[in-house]
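On the provided structure of chain A, position chain B as indicated by the hints.
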Amino acid sequence: EAQVTQNPRYLITVTGKKLTVTCSQNMNHEYMSWYRQDPGLGLRQIYYSMNVEVTDKGDVPEGYKVSRKEKRNFPLILESPSPNQTSLYFCASRGDRANTGELFFGEGSRLTVL
Amino acid sequence: DAKTTQPNSMESNEEEPVHLPCNHSTISGTDYIHWYRQLPSQGPEYVIHGLTSNVNNRMASLAIAEDRKSSTLILHRATLRDAAVYYCILRSNSNSGYALNFGKGTSLLVTP
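Protein sequence lines correspond, in order, to chains A and B. Quick note on numbering: the first sequence equals residues 1 to 114 in the numbering used here. Quick note on numbering: the second sequence equals residues 115 to 226 in the numbering used here.
Extracted from the complex, chain A is given alone in its bound form (with noise of 0.2 Å):
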């Protein structure tokens, strides 16, 4: 089955603890990106990558890294967690080149910092 597969799907960690959210897909996607979503503040793009070895920043791209070594895999980073990144994430993946096409979205991924 075709999918973006994400974990963890709930964390609960404190300030300052690294930690990093996987993103998977098995549809052989070049195009992959990370989303946040808040109440009131809608999704916003944080990083997105191209193909291995090109990623870019989004919109809201402060206090994460990404990395994209390998085309199925493309790991949120955040190196020193904050409450304000409290928040719901998503992880999306589009095959085709042209910027209109479908993009699949994972489950996502529930983050509490403390």
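Rather than coming from a laboratory, the hints here were simulated on the basis of the structure. The beta carbon of each residue, even a glycine, is placed where N, CA and C say it ideally should be. Hints may be right or wrong, so weigh each one.
[To be verified] Within a straight-line C-alpha distance of at most 27 Å, the following computed DSS-like cross-link-like pairs (lysine-lysine) qualify: (1) B/K218 <-> B/K183; (2) A/K57 <-> A/K17; (3) A/K57 <-> B/K218; (4) A/K57 <-> B/K117; (5) A/K57 <-> A/K71; (6) A/K18 <-> A/K57.
[As the list claims (entries may be wrong)] Which residues of chain A face chain B? A few of them, derived with a C-beta cut under 7 Å, are: (7) A2; (8) Q45; (9) D59; (10) V60; (11) F90; (12) E102; (13) F105.
Chain B only, in chain A's frame:
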């Protein structure tokens, strides 16, 4: 991407058609009209997209006005599972950021 305007919420009875409107008066010639929906506790899900002509797929139909300043997502027979937030989004090949501008969407309530 150009801005879209949608009603905050709509309500429908089960098994009846639902017409979800979207206004995009500043749409450019290269903007595609996309619809996504987000079911409770799930990630957004692609529904349909189009450029100029009306489009049909297994989930819905998309009716696009002749001047492309508005469009309507049509669910032919609403089910309880269709209760979700529906987002109308414009996408252009010229958008270097590649981010989807989801906006607030329309929250669809389906009653039995």
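Hint check results:
no.	hint	result
1	B/K218 <-> B/K183	19 Å, holds
2	A/K57 <-> A/K17	23 Å, holds
3	A/K57 <-> B/K218	23 Å, holds
4	A/K57 <-> B/K117	22 Å, holds
5	A/K57 <-> A/K71	18 Å, holds
6	A/K18 <-> A/K57	20 Å, holds
7	A2	12 Å, violated
8	Q45	4 Å, holds
9	D59	6 Å, holds
10	V60	10 Å, violated
11	F90	5 Å, holds
12	E102	4 Å, holds
13	F105	3 Å, holds
Of the numbered hints stated above, those contradicted by the structure are hints 7, 10, listed in ascending order.
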